[in-house]
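Next come the chains, spelled out residue by residue.
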Amino acid sequence: MARKPTLAVWKFASCDGCQLSLLDCEDEILSLAGEVDIAYFLEATRATAEGPYDLSLVEGSVTTHHDMERIREVRKVSKALVTIGACATAGGVQALKNFADVDEYISAVYATPDYISTLDSSTPISAHVPVDFELNGCPINKRQLLEVITAFLHGRRPEIPTSSVCMECKRRGTVCVMVAHGTPCLGPVTHAGCGALCPSYNRGCYGCFGPMETPNIAALTNQLGELGMGEKAVDRVFRTFNVRPFEEARTR
Amino acid sequence: MSTPKTKTIHTKALARVEGEGAMYVRIAGREVEEVKLNIYEPPRFFEAFLRGRGFTEVPDITARICGICPVAYQMSSVTAMEMACGVEVGGQLQALRRLLYCGEWIESHALHVFMLHAPDFLGYPSAIELARDAPDVVASALEMKKIGNELMTVVGGREVHPINVKVGGWYRAPRKGELAPLVPKLERAREIALEAVRITSGFDFPDYEQDYELVALDHPGEYPIDRGRVVSNRGLDIPVTEYDDHFVEEHVEWSNALHSRIIERGSYLCGPLARFALAADRLSPIARDAAREAGL
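Line order of the protein sequences matches chains G and U.
In terms of our numbering, the first sequence has 133 at position 133, counting the first letter as 1, and numbering is strictly consecutive.
Add 1000 to a position in the second sequence, counting from 1, and you land on the number used in our numbering.
A few of these clues could be false.
[To be verified] When the alpha-carbon atoms are kept at most 30 angstroms apart in a straight line, the in silico DSSO-like pairs for lysine-lysine are as follows: (1) U:Lys1012 - G:Lys4; (2) U:Lys1185 - U:Lys1146; (3) U:Lys1185 - U:Lys1166; (4) G:Lys170 - G:Lys79; (5) U:Lys1146 - U:Lys1176; (6) U:Lys1012 - U:Lys1036; (7) G:Lys79 - U:Lys1012; (8) G:Lys232 - U:Lys1007; (9) U:Lys1166 - G:Lys170; (10) U:Lys1176 - G:Lys170; (11) U:Lys1007 - G:Lys170; (12) U:Lys1146 - U:Lys1166; (13) U:Lys1036 - U:Lys1005; (14) U:Lys1012 - G:Lys76; (15) U:Lys1007 - U:Lys1036; (16) G:Lys4 - G:Lys76; (17) U:Lys1176 - U:Lys1166; (18) G:Lys4 - U:Lys1146.
No lab work stands behind these hints, which were simulated from the structure alone.
Please read all numbers here as calculations on a predicted model, not as lab measurements.
So here's chain U without its partners, still in its complex pose:
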């Protein structure tokens, strides 16, 4: 039997992603033998310099981990500080936090779906070239993104590194007169989002499925965003405080990003696909219908 021909693909800088990464793939014949994702983003040492800071300063600092998803880092750190203080933020204060998070999801997902990923599916270098052939699609995506940013600006103060998140609640609640003008805009954004589901469900996806362990948050009656237990489709069901008993973050030679694994079983998938797989029944009826029509 002859040795299968080996080929390698080495992309030194991945485009249209958050942060900086390179990808190495080695293929023998028709079999992928090795994949290395190298996150070469320089280390910034947040875990180290947070030591000794005041606990009220932490959400402002952790926001700076990522300018595209600062709310994720603010919400996790503010919740951690509140757990340490034995404080639970509930009611409308909690609802406002979810609203801020939704703003981030709207703008960040519009960015990812249309400006970062759609050009790959449709064969364009960027959304700017895509806009020449499909101006309405890109214009609507930008409109949806803008509405997400406006929601973040009203609730959080600004879209990148919001300033309103405070340990124990908020610095100031948004006024009714600030929130009300958002309602028709969000209704318009919902129309665009439903159209986005129709457009993207027509993309040509590779016929490839992997047997993932899917991990997401789980809170009764809520689509998982901001709180709950950590669950998986293989029986994991733990409070956040037991995370370190079940997950390990390993350091590999070729990447500055730590690799997270479930101690007993290995790699896992989290993010939108895992949330959808584990909590589709808790989507709003409109979102559920859209998913069904898209063939999910």
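Only chain G is shown next, with the shape it has when bound in the complex:
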């Protein structure tokens, strides 16, 4: 019998939600465990096998010197490395510290700042090592996660649409919250993947999947202003879960 491919799951600065998405595949997790050897996944198992690993899923961003070293080690022992979620792909909500004085942040939260060791930025995995595929979302969509794992096991590219949330809204027949209700919405510039969730709950998209390919940010920014959002509110909505890619898209 051929050797089963090995899967490893790694955590950096994050909330655990994206790796939990794998355990949230209640109908598939046991059959997945039949197809792959779960060689390293501390949230699920204390058994650890030595690398190299055929597929590494990486959750979380790099925020410490130690993690800068660790991600290089992970890359060395991984044939394919896929980032899962906004932290690993874009730096996550903790990248808000990139705009701030980190020493002030440390002393605002911790009584003894000397005990805390942290970099002055939160950076995506791709800022440190080559990445084979990036899965967006805060959190990721578990169907898309299964597609990514299946694709890598079969040696093909994952089929993950790069269009906007608007496309998903149209497909599910949700009335446009921006046109019909005047609710500010990031759907026109946000990467699809959630299934256009927020508009189906009568609220505007807040961009947790990050920018789509070639978004028209200027047109949307103008429209958000028309709907009464002030400049600061617009800055804030872009600066939340995918700070860096939205900043890059806005200045492009």
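Using the hints provided, position chain U relative to the given structure of chain G.
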């Protein structure tokens, strides 16, 4: 008298827990001399970057503190924002919040009991190996977990980082047609949960009891989940707004997680054991019977 032999146990990465932690234990003879739990999870500075955000944005942001229990962080922050605004969410809107919280408890407790803790009690590296010897137990646990996730998805929009919680209420109430199909599923989940109580009560628990101060919420007629005063078995009984007068969060050198203590008396225990100890009389009759049969 000879000096007792000292040994140390140092686990550099704890498996099957939320987040990242290490454990150091030093034992002299038969006496534990020192225990250090090192939460080395890197700091993310939520308290700092929340400053200057719009108050309506806070529940979406605090959810990201933890992907396994986002509702806990959404409910505490949304309640704080509402208290600041002088708004109280009551009636069916409050009942829906408790329902969302129940969804999180069902999926999170099924995860913790069967996928994170049961392998330790039964001597398996993970629930996947456990499933080879006890496929029905793991399959039922996954079914219960899935139903908890479905409840969160209907009420909150999705299971990880729900999107429907809004300061002042909800973005949209779930429709009757969305809620009704959950009823038979939840009845099935209740059967699984009762069986889970029977299974876990047969686990081999260490014979160890500590004299804890137990802390939980307290609201008339309700098992504590989401609201009420902060009470303990040693006479603490305060509104949430007086928390800082009675509790202090200390920063220790070996851990990024702050240590919370009661100012006058020191360490305390909260969570499921404390809730059960302080409010067992407010469990539903079925849950009370199950607890009694389990020998609690």
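Against the structure, the hints come out as follows:
1. For the proposed pair U:Lys1012 and G:Lys4, the alpha carbon gap of about 28 angstroms is at most 30 angstroms, so the pair holds.
2. Simply put, U:Lys1185 and U:Lys1146 have alpha-carbon atoms about 10 angstroms apart, close enough for the 30 angstroms limit, and the pair holds.
3. Under the criterion of a C-alpha separation no larger than 30 angstroms, the hint pairing U:Lys1185 with U:Lys1166 is consistent with the structure, at around 27 angstroms.
4. In summary, the hint linking G:Lys170 to G:Lys79 is not supported, as the alpha carbons are separated by about 38 angstroms, beyond the 30 angstroms threshold.
5. Using a Cα cut-off of 30 angstroms, the hinted pair U:Lys1146 and U:Lys1176 holds, with the two alpha carbons roughly 20 angstroms apart.
6. Of the pairs offered as hints, the one joining U:Lys1012 and U:Lys1036 holds, with about 12 angstroms between alpha carbons and a cut-off of 30 angstroms not exceeded.
7. With a C-alpha separation of about 26 angstroms, the suggested pairing of G:Lys79 with U:Lys1012 holds against the 30 angstroms cut-off.
8. Between G:Lys232 and U:Lys1007 the alpha-carbon distance is near 58 angstroms, which puts this suggested pair outside the 30 angstroms criterion.
9. With a CA separation close to 25 angstroms, the supplied pair U:Lys1166 and G:Lys170 stays within the 30 angstroms bound.
10. For the hint pairing U:Lys1176 with G:Lys170, the CA-to-CA distance comes to about 24 angstroms; that is within 30 angstroms, so the pair holds.
11. Only pairs whose Cα atoms come within 30 angstroms are accepted, and U:Lys1007 paired with G:Lys170 is rejected, the gap being roughly 65 angstroms.
12. For the hint pairing U:Lys1146 with U:Lys1166, the CA-to-CA distance comes to about 25 angstroms; that is within 30 angstroms, so the pair holds.
13. Straight-line distance between C-alpha atoms of U:Lys1036 and U:Lys1005 comes to about 20 angstroms, which keeps the hinted pair within the 30 angstroms bound.
14. Taking the CA atoms of U:Lys1012 and G:Lys76, the gap is about 21 angstroms. The hint holds against a cut of 30 angstroms.
15. The suggested pairing of U:Lys1007 with U:Lys1036 holds, with an alpha-carbon distance near 14 angstroms, which does not exceed 30 angstroms.
16. Among the hinted pairs, G:Lys4 with G:Lys76 is consistent with the structure: their alpha-carbon atoms are about 20 angstroms apart, no more than 30 angstroms.
17. A threshold of 30 angstroms between alpha carbons decides the hint, and for U:Lys1176 with U:Lys1166 the separation of about 20 angstroms falls inside it, so the pair holds.
18. The suggested pairing of G:Lys4 with U:Lys1146 holds, with an alpha-carbon distance near 27 angstroms, which does not exceed 30 angstroms.
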